[in-house]
Amino acid sequence: MPTLLHIDSSADLAHSRSRALTAAFADAWRARGPEYAVVRRDLHVDQLPHLETSALHWAATDRTDDEVVDPAADALRQEVIDELLGADVVVVGAPLYNYTVPSTLKAWIDRIHIPGVLAGDVQPLAGRPVVTVVSRGATYDAGTPTEGWDHGSPVLQLILGTALGMKPYPITVSATLADRLSDLAPLADHAAAEFADAKTTLERLAATLG
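Mapping of the sequence shown onto my numbering: residues 91 to 300, in sequence order.
I should point out that these hints are in silico values taken from the structure, not numbers from a laboratory.
Just so it is clear, the structure is predicted and the values come from calculations on it, not from any experiment.
Do not rely on the hints blindly, as some may be mistaken.
Stated by the list, open to error - If you anchor each label on the Cβ, the simulated ranges turn out as follows:
1. 124 to 237: 44 to 50 Å
2. 212 to 237: 34 to 40 Å
3. 143 to 287: 40 to 46 Å
4. 286 to 155: 53 to 59 Å
Beta carbons: idealized from backbone N, C-alpha and C, even for Gly.
Take these sequences, add in the hints, and give me the full structure.
Quick look at the structure:
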């Protein structure tokens, strides 16, 4: 049974662009047939705790003798790992909060970036498609004063693409606050068109990946 892992991290449950786009992807995935399953992890509604100990960054066999991990914390980490390993395709909604990923998404990243388990020389997820949907309230175009202020997209590429060896399909929408901030209001039409294009691209990807 082909399985999609659908991850959201936006704190906005009503108007989130990233949630709308990942939902469009999930709907297009389900439309392929009843055998196309979706596993949902909402990192804002059901938040993962921050790492209880730095020992969780390591495989059990790589921990020092004095590093003790609560069995419940180890079990939670394994649950998150197994969920990721069980997915044929992953879609991650990642709004830009203060120029990087939400802390709820970072908590998930901290539980999967484990050398010797999912990352580094051991990459059981190598080549697995991961669609990252980054929504940015403002714009960070090349040549502008804010170029390079998006520190969320590089994190996703580095962890999921480089460390875990997955195949990233990055989707980005900008100026998502054009309907809320007067300084961005002139970009409203551009933002709407970019959102529509992203939705079309995501639906196409959902119909072909996996």
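These are the hints, each one checked on the structure:
1. Between residue 124 and residue 237, the C-beta spacing of about 46 Å keeps the proposed range 44 to 50 Å intact.
2. The hinted window of 34 to 40 Å between residue 212 and residue 237 holds, with their beta carbons roughly 36 Å apart.
3. Distance hint check for residue 143 and residue 287: the Cβ-Cβ separation is about 44 Å, which falls inside the suggested range of 40 to 46 Å.
4. Roughly 57 Å separates the CB atoms of residue 286 and residue 155, a value that falls within the hinted 53 to 59 Å.
Violated hints for the displayed structure: none, as all numbered hints are satisfied.
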